[in-house]
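Below are the chains, spelled out letter by letter.
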Amino acid sequence: MKVLSALVAVAVLVLIAAIGTGLAPLQYVFGVVVPYAAFAVFVAGFVYRVAKWAKSAVPYRIPTTCGQQKSLDWVKHSKLEAPHTTGQVVVRMLLEVFLFRSLFRNTRTNLEDDDDGGKKLVYTSSKWLWLGGITFHLAFFTIVLRHLRFFTEPVPFLVQSVEGVDGFFQMTLPALYQTDLVIVGALTYLFLRRLFDPKVRYISLANDYFPLLLILSIAATGILMRHVWRVDVVGIKELAMGLASFSPTVPDGIGTLFYIHLFLVSTLVAYFPFSKLMHLAGVFMSPTRNLPNNSREVHHVNPWNYDVKVHTYAEYEDEFREVMKAAELPVEKE
Amino acid sequence: MNKRGEMLTGLVIAVFLVLVLSPILYNFAVGNARSVPDLKPPPGGEKQCVESKEWMRGNHMQLLFDWRETVVREGNRTYRASDGKEYNMSLTSECLSCHTNKDEFCDQCHDYLKVKPYCWDCHIVPPKENA
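Going line by line, the protein sequences match chains R and Z. Numbered by this note's numbering, the letters in the first sequence go through residues 1 to 334 in order. Numbered by this note's numbering, the letters in the second sequence go through residues 1 to 131 in order.
One should not assume that every hint holds.
To be verified - Just so you have them, the derived chain R footprint on chain Z, three or more residues with Cβ under 8 Å: (1) 22-32; (2) 35-42; (3) 59-67; (4) 115-124.
What the hints assert, rightly or not - Heads up, simulated SDA-like pairs for lysine to any residue below, C-alpha to C-alpha not over 25 Å straight-line: (5) Z/53 to R/91; (6) Z/116 to R/146; (7) R/276 to R/204; (8) R/276 to R/141; (9) Z/3 to R/57; (10) Z/116 to R/230; (11) R/52 to R/270; (12) R/276 to Z/9; (13) R/76 to R/91.
Stated by the list, open to error - Residues of chain Z clear of chain R, computed beta-carbon distances all greater than 12 Å: (14) 47; (15) 75; (16) 97; (17) 103.
Keep in mind the hints are simulated off the structure, nothing from the lab. Backbone N, C-alpha and C fix where the C-beta goes; we use that ideal spot for every residue, glycine too.
Here chain R stands alone, though its shape is the one from the complex (with noise of 0.2 Å):
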């Protein structure tokens, strides 16, 4: 049910773009005012998350560590694992955000035969995940800088050496691209997972199918355009061109196709600041990874603890000292 309505909800959207540009004449609708506010929504958005997120009290040191904090001299300290300067948590970030580091070690509990013919509990690092994650990720990465030839003239020299390298095996004209391989089969195997392993698919919820089932509608639209279906490139770059310098132009000509893709990218930006792809903005955000661990050794006071006025013994014994001798009552100084 749940990937049926994340399906059904990119169809709509595909169908929205088809009829608004295919059958009415709405080309200026989906060309410039869709992702003019798309982009507006996208930047406000994330702006105001990442706000939000930094208005958040964080008293405590809380890293999520897994290995010897600094501790003596003689003890061994782990500093990727438990890092006690911002140089080790920036190295931890870094290794983090450009690795995947921490999906890297994704523990799973499995049962294996031993020799005696019966089972035995095993733990082992699963890099499935890890695999299709970093492969999806860098793919997209590639794919949003090539896209960067939409919007500059002159084409930035490393926009043009991304594009060379991407095309390097020079199949087919115009040339594939390998990055549109590898993220066709990292989307689909991310999808194909939360379908068929039952505890995934336990979890999963419309909102962790339907990005996955528009980017890969973006991915299917866009080869689509380039290897089967072409679209008047020069046309597109004139759009995107008048879009980068606030002065929009429709070409005419342009096919519905690029308006479907067009209409996808604009969903998938606005759609991106209230979703879980904040983790954009959110893993540099996220006091467990962006906090050193030195607890021990750092006083860290409570910012906002309160003054309380406190009346110690002392004080109150010199405040009714004469009171308390005419009661006998005993008294620690004279």
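Assemble the complex: chain R is given as a structure, and chain Z must be docked to it using the hints.
Just chain Z, lined up with the frame of chain R:
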């Protein structure tokens, strides 16, 4: 929020904005948004290409790719167009006989979109007539 948190938040937002707005900033700074391809029609006055103009615009690369396969692997040089007319399958002596100027035809769109066709790895760019 402490000082550390403020710096981190500022950094995340600043990096995000710079990355997201970079194409816009780039176009304002060094960009040339107004330049669009300007294709010159064939100087010989030929009006009819091998296939229709609209079809060629999207699929010329596929046509050239097929021509190359057919010529090099099958030794067949005759192309029967969809209107029944027959053409000699050759980039240099058929396509370029009308589109004589690579700079004013091929390169216009290819440079605009930074497409680098490998035709010219093997084929020689014909010398310009007036050069």
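Looking back at the hints listed earlier, which ones does the structure fail to meet?
Number 5 only.
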